[in-house]
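Enquirer: Residue numbers (this note's numbering), protein chains in the order written: chain A, 1 to 357; chain B, 1 to 286.
No lab work stands behind these hints: they were computed from the structure.
Careful, some of the hints might be misleading.
[To be verified] For lysine-lysine, the following PhoX-like pairs were computed, each having C-alpha atoms within a straight-line distance of at most 20 Å: (1) A:3 to A:104; (2) B:70 to B:280; (3) B:280 to A:131; (4) A:3 to A:66; (5) A:16 to A:209; (6) A:133 to B:280.
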Amino acid sequence: MAKLLMDQLTKTYDNKVTAVENFNLTVEDEEFIVFVGPSGCGKSTTLRMIAGLEDISAGTFSIDGKRMNDVEPKDRDIAMVFQNYALYPHMTVYENMAFSLKLKKMPKEEIKERVRNAAEILGLMEYLNRKPKALSGGQRQRVALGRAIVRDAKLFLMDEPLSNLDSKLRVQMRTEISKLHQRLKTTTIYVTHDQTEAMTMATRIVIMKDGVIQQVGTPKEVYDQPDNIFVAGFIGSPAMNFFKGRIEGDSFVMGQTKLLIPKSAMPEGRDGQEIVIGLRPEHITHKPHAQVDVLEVDLDVVELMGSEYMVYSKIEGHSFVGRVDANFELAAGTVFPMLFEMDKARFFDPETEVRIK
Amino acid sequence: MRTKDFAYWLFLAPVLIALTLVVVVPMLLGVYYSFTSWNGITTGGFVGFQNYIDLFKDERFLDSLWFTTKFSVVSVILINFIGLSLALIVTSRIKSSTLLRTTFFMPNLIGGLILGFIWQFIFVKVFASVGEMVGMESLQVWLATTETGFWGLVILMSWQMSGYIMVIYIAYLQGLPNELLEASEIDGASTFQRFRYIIFPLVAPAFTVSMFLTLSNTFKLYDQNLSLTGGGPYNSTEMVAMEIFNTAFVQNAFAYAQAKAIIFFVIVAIVALFQVYWNKRREVEM
Numbered sequence: 001m002a003k004l005l006m007d008q009l010t011k012t013y014d015n016k017v018t019a020v021e022n023f024n025l026t027v028e029d030e031e032f033i034v035f036v037g038p039s040g041c042g043k044s045t046t047l048r049m050i051a052g053l054e055d056i057s058a059g060t061f062s063i064d065g066k067r068m069n070d071v072e073p074k075d076r077d078i079a080m081v082f083q084n085y086a087l088y089p090h091m092t093v094y095e096n097m098a099f100s101l102k103l104k105k106m107p108k109e110e111i112k113e114r115v116r117n118a119a120e121i122l123g124l125m126e127y128l129n130r131k132p133k134a135l136s137g138g139q140r141q142r143v144a145l146g147r148a149i150v151r152d153a154k155l156f157l158m159d160e161p162l163s164n165l166d167s168k169l170r171v172q173m174r175t176e177i178s179k180l181h182q183r184l185k186t187t188t189i190y191v192t193h194d195q196t197e198a199m200t201m202a203t204r205i206v207i208m209k210d211g212v213i214q215q216v217g218t219p220k221e222v223y224d225q226p227d228n229i230f231v232a233g234f235i236g237s238p239a240m241n242f243f244k245g246r247i248e249g250d251s252f253v254m255g256q257t258k259l260l261i262p263k264s265a266m267p268e269g270r271d272g273q274e275i276v277i278g279l280r281p282e283h284i285t286h287k288p289h290a291q292v293d294v295l296e297v298d299l300d301v302v303e304l305m306g307s308e309y310m311v312y313s314k315i316e317g318h319s320f321v322g323r324v325d326a327n328f329e330l331a332a333g334t335v336f337p338m339l340f341e342m343d344k345a346r347f348f349d350p351e352t353e354v355r356i357k
Numbered sequence: 001m002r003t004k005d006f007a008y009w010l011f012l013a014p015v016l017i018a019l020t021l022v023v024v025v026p027m028l029l030g031v032y033y034s035f036t037s038w039n040g041i042t043t044g045g046f047v048g049f050q051n052y053i054d055l056f057k058d059e060r061f062l063d064s065l066w067f068t069t070k071f072s073v074v075s076v077i078l079i080n081f082i083g084l085s086l087a088l089i090v091t092s093r094i095k096s097s098t099l100l101r102t103t104f105f106m107p108n109l110i111g112g113l114i115l116g117f118i119w120q121f122i123f124v125k126v127f128a129s130v131g132e133m134v135g136m137e138s139l140q141v142w143l144a145t146t147e148t149g150f151w152g153l154v155i156l157m158s159w160q161m162s163g164y165i166m167v168i169y170i171a172y173l174q175g176l177p178n179e180l181l182e183a184s185e186i187d188g189a190s191t192f193q194r195f196r197y198i199i200f201p202l203v204a205p206a207f208t209v210s211m212f213l214t215l216s217n218t219f220k221l222y223d224q225n226l227s228l229t230g231g232g233p234y235n236s237t238e239m240v241a242m243e244i245f246n247t248a249f250v251q252n253a254f255a256y257a258q259a260k261a262i263i264f265f266v267i268v269a270i271v272a273l274f275q276v277y278w279n280k281r282r283e284v285e286m
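Okay, chain B solo, but in the shape it has when bound (with noise of 0.2 Å):
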């Protein structure tokens, strides 16, 4: 072996061997056991697609990935959708735009547990404090039905979320050549066409980006969902990632587990890889 080639892998190994050690051989692994009766502790006995057969007809499951869907699909339209508009009014000529970017971005500093710990105080407490004083009693139940536990997850996640993709969305409304706008100004764009025409079609790149974000952290969200509603009521707001946690360490059925957990990988990875290839479509190069 030539030292130049010795040296390209001696610096490359310390990733390689995390990588392995840490993603390809759990990966593998969890591909295998997804094929026995795994108790966490014995291997137990090849079981062939029994686990796979069996989780499509597991209701909870089933229940648990629609609701995730829903919330991801509304989560993604309201987070790219407030992002963006924060993003557009932190970037206008506005005194105290600092402050504001700094302010809508700090949500974000804040652990996912502790966050889903302090709305769950204002959905409960405050909100029915509020609804008690002004009379309105839907506002009094909030995170005691699946609906309000589902709009519950969906606003905790947008306030957290949204000061995340703004910063996103700033750095590419700020990477726009300021002659274009200015041409457009010139050729009789209103703000609203500018928007439309102009700045909308620019800014995919930034969609891209933010959507894979939110839709992988969407789908994959499991802190906030515990610390919020809990599954509750009646595991009716319970996502993917706790259903998954919950066949493996409450029922202790790891690979029945692992079956879900690669089910729910190879959706996610449909999902984002499609997402990703569509909107690279719209994308032009400046």
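Isolated chain A (complex conformation) (with noise of 0.2 Å):
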């Protein structure tokens, strides 16, 4: 159980090149954090600052008010799942999970029932004699979490641990890690590129762009309230829709378009300004009664997914994505009135990118 700290914590490869900068943050006991972020955001980076693998070269990083920066990473109380599971190839699953403890000296009977726990949880008890070679990818996943779980560490550090699994799998092992999460309660942190992975895990998701952190929040706050366009268009997916425009009266017009902006949801003093507005995809979808805001578009592509469509189609040079209920027969090819759900809008300065509250 722990407590961390990121204070500044800044990567700079031979002061050249900056990987992670600045990134402050302070993570409470239990809570199960996501980085999240393109390729070369940073993201694994910071996760191995705080494993110790990757030196500090400015900032302080602390576990519950110790300062770790110098600490090596076995003195630092951690376990970690890898990408490629990094298992020991030369020992079987049972030795896998009790390297660590064998180095620390733990008699033999506690390291026996320990792993036999962590065997039981993870569903391992047949296989405890098996090399990792033998094992499917799933099931190696399992043995890397087991051997994480039977260290009984302060802090868990998984860094894209489901990314080599097949999609069915992925969502399995998903709910699995979740699970254990809410049993050991382990402080956690957990590195990702797939959006769907934190939203569903994470109690908050930080996500980075460029080394940099865009946001923080719950899965709910940073899918609501994005702070940026970056965010808005990461989280989500399909990804938000972003319309470029501007604000004439009470009204958002885009070439020869215009949609009504409820007052509520009218951010202020931006008449005649430039503005970019983004919309969900729920929130471009189709409504038998609804008068205002609706658009005549063009349904370039339409994909039934089942309980609903995805639309696909442009107005004023934007693409975007909307979704209609299956109930209605939509076609491509042919014209639709849509609902743009004006007060559901996100706008952006278009400048910075920075959401208008």
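Need the complex rebuilt from these two chains, each delivered in its own frame; the hints are there to steer you.
Expert: This is the structure:
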């Protein structure tokens, strides 16, 4: 159980390339924090600094108030799950899990009990004598988790642990890891590039881009109240739609198209100014009796997902995706009235890309 | 014959012909000659197993076999130990590792004969001068006794081969997934424990290769032996290869030398195969 503090954490390579800049974050005990962002955003580097596998160029990292910058990884009391599992190929599943305990010179009986406990939780009992090579990807991932569990460490670090699994198994392991966290309550930091994993598992999400934190918040916060265009576009699938235009009076205008903005949603003091609005696909839809903000659009592509359609179209040169209930009959190449729910729109400054609140 | 088959054999022919002429035929002829009293010119009569019976009573041959075995065991251990240590040094994060690699590998580029003469100079002249200066008598008689001849050969061979073996270990060390080493670091392994439990077992394939190379090279050593000690004193540092050569070309007992060569071949083959079999079992697939 641990409380972490990252203060102005910075990583520069050879004093030239900055991988992570001024990373500030406080992690409370029992939290499940997910670092998410595109490749090269510095999320793994930050995790590795926390693990002690990378030196910290500047700033402080502490666990429970104790400065960790110069503490060896083995003395930080952390457990880590790697992307490629990093199981020792010459050891059996049992030996893999027991390795860290053996190094601690724990009595054999206790090692046995701990490994058996972990194996039971993870459903690995019948594989204890196998070598990693004789296991499937999902089983290997479980062993890697088991190796972390037996440690009873203060902190779990996970570096894209599910990215080598097929999509079905990924969903399954996702829930298993969540369950595991609810059971063990160990503070966890989880790195992924998959926003779905971030949304479904995290108590709080840290969204990063180019080595800089973009936003920290609960999944709901970052989904509903994104701080900027990057976060708005990164979180959610399909991604949020953006339209560039101008505020004129009570309307949003782009080219010939005009959309009325309800008073409650209207950003202050932006009349006559350029603006970017963001609408999530579920807010561009069809409602039979809607009067205002309904546009007749050409349906370029219509994908039936079962309970709903994904509708791909364009207005004023902006491509967008909408969602329509599957009860309606839709076909590509036809014209269809779509409702733009402007009360749900998010407004962004086109220069700074920051959300206007 | 179909065209495809023809092309297949055509491309294979140069190698097959070369192999047959250079390896298979001499080998078979050699086996045949070892049962005769061949003197290099005329085949002489068929003598059955007489040559083989004789060689097991031949003390000079048995002595050289024993000397070679001792030399081989000590050298193999030493070369692999030094080679692996050097590899660990140059794969660690030190600045001059490229320069060190080149330096460590360099001795291997010098031919065996010349190397023998260089070390002969060092042992006989340099050691003696240093010994004289510091008053250590033990440094003054190098290569003049069996003992110093033995260690002289071991030092020479280790100096020459360690750099070569280092390259093999480097290749395998660099092939180890970094994640594994990091995982062990987080699992709490110290530098030594990491080597003992993770690195050492995982470079087992390098051991198989290195052991094979060092074993066969030290067993078949000839040129360094010739130039460093010449087998002296009193043939006491004569290794099997040299002993066989002398039997054939000094004593002109070609058929007898041939029989020794065949026994030698069998011994080297058994030792090499056995060690490969034994080491292979330690290897794991990643």
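Enquirer: It remains to establish, for every hint, whether it holds in the given structure.
Expert: Hints, verified against the model:
Pair hint residue 3 (chain A) plus residue 104 (chain A) does not hold up; C-alpha atoms about 24 Å apart against a cutoff of 20 Å. Of the pairs offered as hints, the one joining residue 70 (chain B) and residue 280 (chain B) is violated, with about 24 Å between alpha carbons and a cut-off of 20 Å exceeded. Our distance criterion of 20 Å between C-alpha atoms is met by residue 280 (chain B) and residue 131 (chain A), whose separation comes to about 17 Å. Distance check on the hinted pair: residue 3 (chain A) and residue 66 (chain A) sit about 10 Å apart at the alpha-carbon level, within 20 Å; holds.
Between residue 16 (chain A) and residue 209 (chain A), the direct Cα distance comes to roughly 18 Å. Compliance with the 20 Å bound is thereby established for this hinted pair. Using a Cα cut-off of 20 Å, the hinted pair residue 133 (chain A) and residue 280 (chain B) holds, with the two alpha carbons roughly 17 Å apart.
In the structure shown, a violation is registered for the earlier hints numbered 1 and 2, in ascending order.
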